[in-house]
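Engineer: Sequence:
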Amino acid sequence: MKDIEIRTVAVTQYLQPLREGGSLPAIVKAEDGFLYVLKFRGAGQGKRALIAELLGGELARVVGLKVPELVFMELDDSFSKTEPDEEIQDLLSFSVGLNLGLHFLSGAITFDPLVNTLDPVIASKVVLVDSLISNIDRTVKNTNLLLWNKELWVIDNGASFYFHHNWNTWEEHLTRTFPLVKNHVLLEQATRLKETSKEISQLLTLEKIQEIVALIPEDWLIEEGELLTPNEMRSAYLKFLTTRLSKMDLLVKEAEDAR
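For the sequence shown, the numbering used here gives the first residue as 1, with consecutive numbering after it.
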């Protein structure tokens, strides 16, 4: 398996906000000519949502799920100066620097569990990855899944790793499982959890997890008044994920019981 690389591109044009998202992401054009959905560091959950998006997306990709390419996106201060909408102006101003973008899948449609059926292995992978990263935002109300070219694409992992919103208590999460899997939009279709869990455990090696955690930009790990250093935070993400993987059998049982 090849090494993971995240490209860095500069934003050249702000096109339109996506107002259905609480954090007000936007469609932008980059210097490479492609369109991206830009997730802003200055939005409500800040840089931690970008970290969750990055980690969740690359973990999902490693286990064989379709995820739009993730890129680091440089945003300069010129955009806020020409934006007439005050709310967006503030968001752009607070987000100068390194942000995160997802390749825009033009023409994609939202996955509808009442209409669309999936390969049970793919459904099981999504459920188990979301259990590993404690993703609370993959429900019937908000699937955060797209269908594009007749394939399922996983987006929006920013609500994962919610322990990192309070580093004082993060270690308490090491002993927990993921009871909220009961609300997962794909739970009914995830009928191959046991065999899929073995594949995930083989693919998510310690080395691969270390490689993914190492992708987090140093700047995203620096918060004023924070008790932990960036290196300590990286170690925490690593320990959380490896501990979670060691509980895979429990996560499978929890999901099966919920279904």
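Bear in mind the hints are in silico, worked out from the structure with no lab data behind them. Just to be clear, a hint being listed does not mean it is correct.
As the list claims (entries may be wrong) - Taking lysine-lysine and the DSSO-like style, the derived pairs with C-alpha atoms no more than 30 Å apart in a straight line are:
{"no.": "1", "residue 1": "Lys182", "residue 2": "Lys81"}
{"no.": "2", "residue 1": "Lys29", "residue 2": "Lys239"}
{"no.": "3", "residue 1": "Lys182", "residue 2": "Lys253"}
{"no.": "4", "residue 1": "Lys253", "residue 2": "Lys66"}
{"no.": "5", "residue 1": "Lys141", "residue 2": "Lys66"}
{"no.": "6", "residue 1": "Lys247", "residue 2": "Lys2"}
{"no.": "7", "residue 1": "Lys81", "residue 2": "Lys141"}
{"no.": "8", "residue 1": "Lys208", "residue 2": "Lys247"}
{"no.": "9", "residue 1": "Lys208", "residue 2": "Lys198"}
{"no.": "10", "residue 1": "Lys239", "residue 2": "Lys182"}
{"no.": "11", "residue 1": "Lys194", "residue 2": "Lys29"}
{"no.": "12", "residue 1": "Lys208", "residue 2": "Lys239"}
{"no.": "13", "residue 1": "Lys194", "residue 2": "Lys247"}
{"no.": "14", "residue 1": "Lys194", "residue 2": "Lys182"}
{"no.": "15", "residue 1": "Lys208", "residue 2": "Lys253"}
{"no.": "16", "residue 1": "Lys198", "residue 2": "Lys66"}
{"no.": "17", "residue 1": "Lys66", "residue 2": "Lys194"}
{"no.": "18", "residue 1": "Lys247", "residue 2": "Lys141"}
Engineer: Hints first: check each against the structure and report whether it holds.
Structural biologist: Outcome of the hint check:
Simply put, Lys182 and Lys81 have alpha-carbon atoms about 45 Å apart, too far for the 30 Å limit, and the pair is violated. Between Lys29 and Lys239 the alpha-carbon distance is near 37 Å, which puts this suggested pair outside the 30 Å criterion. This hinted pair checks out: Lys182 and Lys253 have alpha carbons roughly 12 Å apart, not beyond 30 Å. The hinted pair formed by Lys253 and Lys66 meets the criterion: a straight-line CA distance of about 25 Å does not exceed 30 Å.
The hinted pair formed by Lys141 and Lys66 meets the criterion: a straight-line CA distance of about 21 Å does not exceed 30 Å. Restraint check for Lys247 and Lys2: satisfied, since their Cα atoms lie roughly 27 Å apart, inside the 30 Å limit. Using a Cα cut-off of 30 Å, the hinted pair Lys81 and Lys141 is violated, with the two alpha carbons roughly 36 Å apart. Restraint check for Lys208 and Lys247: satisfied, since their Cα atoms lie roughly 18 Å apart, inside the 30 Å limit.
For the hint pairing Lys208 with Lys198, the CA-to-CA distance comes to about 16 Å; that is within 30 Å, so the pair holds. Proposed proximity of Lys239 and Lys182 is supported: the alpha carbons are some 25 Å apart, at most 30 Å. Annotation: proposed proximity of Lys194 to Lys29 is violated, straight-line Cα distance about 42 Å (limit 30 Å). Distance hint between Lys208 and Lys239 is fulfilled; the C-alpha atoms sit about 13 Å from each other, no more than 30 Å.
Restraint check for Lys194 and Lys247: satisfied, since their Cα atoms lie roughly 13 Å apart, inside the 30 Å limit. A hinted pair counts as satisfied when its Cα atoms are at most 30 Å apart, and Lys194 with Lys182 qualifies at roughly 17 Å. Between Lys208 and Lys253 the alpha-carbon distance is near 25 Å, which keeps this suggested pair within the 30 Å criterion. Distance restraint check for Lys198 and Lys66: the Cα-Cα separation of roughly 19 Å lies within the 30 Å cut-off, and the hinted pair is therefore satisfied.
A hinted pair counts as satisfied when its Cα atoms are at most 30 Å apart, and Lys66 with Lys194 qualifies at roughly 21 Å. For the hint linking Lys247 to Lys141, the alpha-carbon distance of about 28 Å falls within 30 Å, and the restraint holds.
Of the hints listed earlier, those the structure fails to meet are numbers 1, 2, 7 and 11, in rising order.
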